[in-house]
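Bring the two chains, given one by one in their own frames, into a single complex with the hints.
Single-letter residue listing:
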Amino acid sequence: MVLHVRRWLSEVWERLESLLTGEKPDESDLDLYVEVTLRAVVDAVVPETPELADELGPEHVPGGLAVGMEEFLVTFVDDLFQFGFPHVGTRGNLPLSAPLVEVLDAAADALVAHGDNEAEPDVERVVALLGPGDPPARRVRRVAGTFAKLSRRDRLRALGILDEFELRVAPFGHGLFEFDAGLVGQLVVGFAEMIYYSEWQGYDDFSLPPSERTHPNDPAAVQSWRQTGYPGVADGYAALRGYVGTDDSPLGAGDTWTDIDGRVSIVRESGSFRENDYDTTGYEEPYPE
Amino acid sequence: MVAAHYDVVVVGAGGDGPVAAWKLGEAGLSVLVLEAGPFYGNEQWPKPNEQPGAESSSSVDDLSGRLLDEQFTTRELEMIRKLVFGPADHERGFWLRKFPGDGAILQCAGVGGTTLHYTGCHPRAYPASIDEQPHWPVDYADLVPYYREIEAMCEVTPAPVTAKEELFFRGAAAAGWDLIDGLNVTEPGYRPQPNAIRQPDPRLHVDAGYDGDFTYPEVDGDTLALGSIAGHPFPRGAPYEEKAKRASNVSFVPAALRTGNVTVRPNAFVTSIETETAGNDHPEATGVRFRDTWSGRVESVDCEVLVLAAGAIETPRLWLNADLPKNEWVGRGMTIHFGDNVMGLWDAADLESSIGQDTVDQFQGQDIAARFDYPGLGMLQTVGTAPGIGAILGFGSSASGFAFENDPDDAPWDTLGRLAGSELKRLLSGYRRTLQVLVVSDDRPHRRNGVTVVPGVEDEHGPIPLVNYEPSTGDRQRRDRLAEIAAEILRAAGASHVHRSDSPPTALHVHSTMAMGKVVDEACEAYDVGRLFVADHSALANGVGGANPTNTGQALAARTADKIVERYFAG
Ligand SMILES: Cc1cc2nc3c(=O)[nH]c(=O)nc-3n(C[C@H](O)[C@H](O)[C@H](O)COP(=O)(O)OP(=O)(O)OC[C@H]3O[C@@H](n4cnc5c(N)ncnc54)[C@H](O)[C@@H]3O)c2cc1C
Chain L
1 MVLHVRRWLS
11 EVWERLESLL
21 TGEKPDESDL
31 DLYVEVTLRA
41 VVDAVVPETP
51 ELADELGPEH
61 VPGGLAVGME
71 EFLVTFVDDL
81 FQFGFPHVGT
91 RGNLPLSAPL
101 VEVLDAAADA
111 LVAHGDNEAE
121 PDVERVVALL
131 GPGDPPARRV
141 RRVAGTFAKL
151 SRRDRLRALG
161 ILDEFELRVA
171 PFGHGLFEFD
181 AGLVGQLVVG
191 FAEMIYYSEW
201 QGYDDFSLPP
211 SERTHPNDPA
221 AVQSWRQTGY
231 PGVADGYAAL
241 RGYVGTDDSP
251 LGAGDTWTDI
261 DGRVSIVRES
271 GSFRENDYDT
281 TGYEEPYPE
Chain F
1 MVAAHYDVVV
11 VGAGGDGPVA
21 AWKLGEAGLS
31 VLVLEAGPFY
41 GNEQWPKPNE
51 QPGAESSSSV
61 DDLSGRLLDE
71 QFTTRELEMI
81 RKLVFGPADH
91 ERGFWLRKFP
101 GDGAILQCAG
111 VGGTTLHYTG
121 CHPRAYPASI
131 DEQPHWPVDY
141 ADLVPYYREI
151 EAMCEVTPAP
161 VTAKEELFFR
171 GAAAAGWDLI
181 DGLNVTEPGY
191 RPQPNAIRQP
201 DPRLHVDAGY
211 DGDFTYPEVD
221 GDTLALGSIA
231 GHPFPRGAPY
241 EEKAKRASNV
251 SFVPAALRTG
261 NVTVRPNAFV
271 TSIETETAGN
281 DHPEATGVRF
291 RDTWSGRVES
301 VDCEVLVLAA
311 GAIETPRLWL
321 NADLPKNEWV
331 GRGMTIHFGD
341 NVMGLWDAAD
351 LESSIGQDTV
361 DQFQGQDIAA
371 RFDYPGLGML
381 QTVGTAPGIG
391 AILGFGSSAS
401 GFAFENDPDD
411 APWDTLGRLA
421 GSELKRLLSG
431 YRRTLQVLVV
441 SDDRPHRRNG
451 VTVVPGVEDE
461 HGPIPLVNYE
471 PSTGDRQRRD
481 RLAEIAAEIL
491 RAAGASHVHR
501 SDSPPTALHV
511 HSTMAMGKVV
521 DEACEAYDVG
531 RLFVADHSAL
541 ANGVGGANPT
551 NTGQALAART
561 ADKIVERYFA
571 G
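Heads up: the sequence lines are chains L and F, in that order. Okay, so the first sequence: first residue is 1 according to the UniProt record's numbering, each after it adds one. Okay, so the second sequence: first residue is 1 according to the UniProt record's numbering, each after it adds one.
This is chain F alone, in the form it adopts within the complex (with noise of 0.2 Å):
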């Protein structure tokens, strides 16, 4: 049962939330981390999309590696279906969000948040993104010992080498660019994605002759199978614990669990906050309500501190939908890393020469495993889809129109925008001699771009977040720049033919919406209400450069925890 009252309560068990619920856990607080989606993999809710199952588990022998293995098939389009943002319920839709154009947010529900989804790379931010730009109220070193708490809990190495990333680190060295080696990067280069990942079984290598399971505990660590989009359970017939992609569900979920004082509210989704003004203007949080998603019952539960950790578009919904004070940039200053598709095509002959086989096969090897980095632009990562994300991410819109439309004439690539019919076809016959660069781009945060709710636009859960983002000059010029380089790395690696999506707006990464310096100070508690803290990526003040912001936001948590504790409850 849970109880009507706890030091903390986090709203959200996302990449970031858990990170907080575990150091406050062994800092001896009592916390309860309220979840709006499931909890895959809980012996507690043996079949989490069919049936309501239990209130809430604090117990790290509820986890379950067989029910992980039963619930995450890896088939794309059922785990999309399964993670995206919405009800446990299988019969129910997404929770609807308002985005312009035919861009996207893509987010997820459940314990384990948006790193269900996620390809486990743990970059740090580009320390200028920090020091330089304008944005940020503290320093890159300020959250170094943080990282390094992180990347020891997500156990970050270098990613291992298949014949995608072989093929990347030719073009991206042919065409003049150095190895970085460096954790904080502050010149352009290529290297091994940092991700957190365990690297694969060495009797994996390509020349060890290997032809057994790719079952624990035959293999153990990764077994270089594509899947993190869509779950990534491997390998399959691990304890839960032992799964090799450290999303936030199997890094900091269990050693919260563990503390002895950590609960987690799955099907929990918090709709109101509830705050007393005592004495002062000065409204200080003092709890939450929440609707249980199966029954729809509304519950309410009180607490010393409140930290807000539901994702950069949730938590300001959340506020905005409270009874709180204006503040101008609550919501507002999202930033997306204002994104873009270029893929390469290689003729047989030429891959067999360079990388001694005449097939890349995207689906072999950890989804993101090679990158590019480019301190005041952004980044560059390879990424192997399953064909039909890859349709949808890579091919699916654009904001050029449809290919048969363009001309792209002198520019770097071969054919630019949307694809559909006999190209979409003729393009995806070659999918296993096919890479795709994903560009990751520096954009800024600006007012205008953000969350916004309107009375009457609502779902159960109150006014739905409208989200606005329209990329300034320099933003595409950042991207633009990213574009060609993508072009020129594929070239000089032999691709026959580059292709541009030039995507429209599309969310993968999103941030500061929530900012430090903004809306939340220097520890991130709200300047506007007292004990209410934002501990999610909505409280990094500007995208981290374009780096993958998942390290730089749970940093932060761990951070925020640790203010926590001074601030409330020292002594």
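Okay, chain L solo, but in the shape it has when bound (with noise of 0.2 Å):
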């Protein structure tokens, strides 16, 4: 098993370290390859569950896809942090998602000539996400890698496998500069669902400078809000139940709002912590190194 682990990921080393030293494919279609395999991120990560309409209602259906999720994942990576050359590039941002996605086909690549896919790669799973006044199939077939023809699932599989690596990339041509491409799952997987679940829908422009963008704060602007039922930000809540107390503590006192076990309740008012005598000479690892 470990042997078979060790091989597989050495596999994926060397793909990664081909590509990224290799050639760029054409520039002219390096938006469009960006693009569709983030939109195969997006559609991997929050998809669009029709399964989800009987269980729980329609308004579960749509995925990130139906927010347009993709585009703003590609400027957020590419702002995302900054490597101090003030002159190059956006305010000496680090543009990531270039290299992202390569490393994002590399881990298919690997996933699929170690034969663990659940599904056969298919470009056609990648025109399926295509909407109207998209690109024309054609060219979105040409560009399309092996990340985004898997099956949803295999997408997960193959994001799995990239936290053991360090990358390489070469930032303006700088010299090489080594990260961990668990950074990638973390990327497309942890922050693309923060996105998701936050109010990033309902800005006018997020691109605006923080003190002239506009937000609703209402459901009705933010898909995944009306998904989690979450009511937007707030100034308050009145949803004070009281302070823990028992009778011989001085956590709390007052009228007892509600029983916890018979000994300690929620009353009306709050006491304090006591300023206790310690020992502890009995004091036994519970897990000694």
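Careful, some of the hints might be misleading.
Computed beta-carbon distance windows for the label pairs [what the hints assert, rightly or not]: (1) L:246 - F:60: 37 to 43 Å; (2) F:297 - L:132: 31 to 37 Å; (3) F:258 - L:272: 23 to 29 Å; (4) L:30 - F:294: 31 to 37 Å; (5) L:205 - F:522: 51 to 57 Å; (6) L:135 - F:463: 41 to 47 Å.
No lab work stands behind these hints, which were simulated from the structure alone. Each residue gets a CB set at the ideal place from its N, CA and C atoms; glycine is no exception.
The structure is reproduced here in structure tokens:
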């Protein structure tokens, strides 16, 4: 088993190295390639889920693509870290989206090479994610990489094998810079989930300076808030039940609002913690090193 | 204008730096605090993320609650983007650090530092972690008077109970644990958080029928709306110093400015430490160089004593990037409270019968207001989050892969791993019936863990921190045991589904990278460099047992300030 994993990992590693130090795809197709791949990411992480309609209601069907999250993800990822080259790129930020999607394809290729995919890669999966006004299917078929062609679950499986690698990126020709491929998973799963479930969709324009942005703070403007039942930010709630108290502790006092277990209850007024004597001589390490 | 010389320069206005600045200012010393990030809620910087603003602030009259209200919108994505460690300029990304796996370091830049994010939980260290573990050269008893001083300044009181805390307490009691009511914790049990957040206005009791605004002066104190991680400006409308959360920008910065001896210069990233070696081989700190993050201009300032308080990643980075003597423990022995997330999902009817309402509504009440302590293992705490932060902290990553790949079998949780796709959407559709418990373990200092730098991998402030973290077997066992206890408590509280994330190492609490007894002496002065003190969480000798660290970091910084006066400015 260990050997099996190790061989698999070393295959991904070789693929990564050749990809990242080798030729980049044709510039004119690069943007489309990035977008198509991130579309496949969004489709795997926060998919459209018709199967939830009966169980939970129709508002739970649309996913990240219905709100155009893939486009925001590109700018978000490209602006997320700055790396001290104030004269290059946007304010010295590190444009990570292109290397990121190449890494996703490297991982997908390794998954397939090892036969750990549950379904065959199929370019029609990519085409199925196109909507009206998108570039022609022919161009999309040409740029789509392996990652986008995988089934949703296989895309997630491919992400799962990235954590153990060191990646080398060459930002602005300043020499190779290494970072951990786990960052890729963090960006396309963790950050993607945070963006989707946050207030993001409600902004008129997130790229405006903070003092000029407007947000209606209304679930009507944020699909994910309708799916979670989160009501938006609030200034306060009249939600106080009281303070923890017992008959023989100074923690709380006053009328009992509710009983917890016969000894401890929730009472009206707060008391304070005790400045108690302490004795650690009986301390035993639960798990000695 | 910032002067060319001060008695003391403090690097970093985070959780602990302002404590030292306040005490030193009170002692009559002239103090300059250099902070890499912006100064929110200050008239000198009306648009701190958009314009460079003024150079420095020395007066409490500059502080503005109105500006805090404007700048701290509590919208989660916007506030993470504003507060996480990076330059003030909103068009520029975070400062990059390298961290293993798909974990992350969560720290803030700005006056207040990471306490801008923090949830105000101010327990003391577990006495045994100081007196019985082998790391500390001082006794718990040495810290107690300083705890009292800090707790008074931060107005620490028992946290209020709303629905989610009642649910947790019911589970903890039903699982057989006792209530703790003391400040010095030696036995396992549950209790309300000792929080540095003013208690809510009594009129906000569920029975009181309050239907007014949640703004000052109609209400005073906390308003029981989630928002600590997103800045917490409540109650809105209140003057700066009447904000309920006593983060260090609200508690210690005004106190420091009020001494009349302290100047704060934000947007100033310190990049090197100046020393002189006179007579013997022992270098002494004489000042720093720093870079203005808006203009890029580099300046320098001299001092009699230098205090590093840049946090447990940047303090060792600064040492390593300066031309200082090698010490094999600089940057090493990092503890991060190797954590995990365990959540419960309830059926509406079960909630109705236990807490009298069919939702938990984790967005009501203080973010973190209930806890479970277990000296020797660490702690658990309930966490209310808005859905986005909840997703990234609780579900977005795992060391066990995706939940669909795991069959937890007879484990105490029903599902294990990272969530995405329809599983994620299904679980989050129950957001209002979910309660998340954060597992915080007492991981121990190991030399392999910590911060290094290599030439070449650098940003505009020099080589960036490369952070390594690999828990030991004992660290894992402590965390696993706590995760089981969390699952038992949630189950005993009636949860119908329990999920464990098995989160990768994620650093919300970072300590012990310049440890007392290893890099600094008992007064927190560096063994190898005179007149150089450390007053942030990096000086902690271990992870204080797994309790939230800020009370201890601040207590130690207060003690260090007294030692500085004793050693260099007495008489
Ligand atoms: C979401 C979250 C919730 C938390 N909740 C709690 C809680 O409830 N209770 C608790 O005890 N702890 C909590 N913590 C942890 C707590 O906030 C930190 O442990 C604490 O703030 C650390 O204090 P510090 O002074 O060591 O570092 P920091 O607060 O990080 O301060 C360091 C400061 O130095 C500045 N700086 C860094 N490098 C330089 C440089 N080179 N030049 C100038 N300035 C520099 C930084 O910008 C920063 O302002 C939480 C953390 C997070 C992320």
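Hint check:
no.	hint	result
1	L:246 - F:60: 37 to 43 Å	holds (41 Å)
2	F:297 - L:132: 31 to 37 Å	violated (52 Å)
3	F:258 - L:272: 23 to 29 Å	holds (26 Å)
4	L:30 - F:294: 31 to 37 Å	holds (33 Å)
5	L:205 - F:522: 51 to 57 Å	holds (54 Å)
6	L:135 - F:463: 41 to 47 Å	holds (42 Å)
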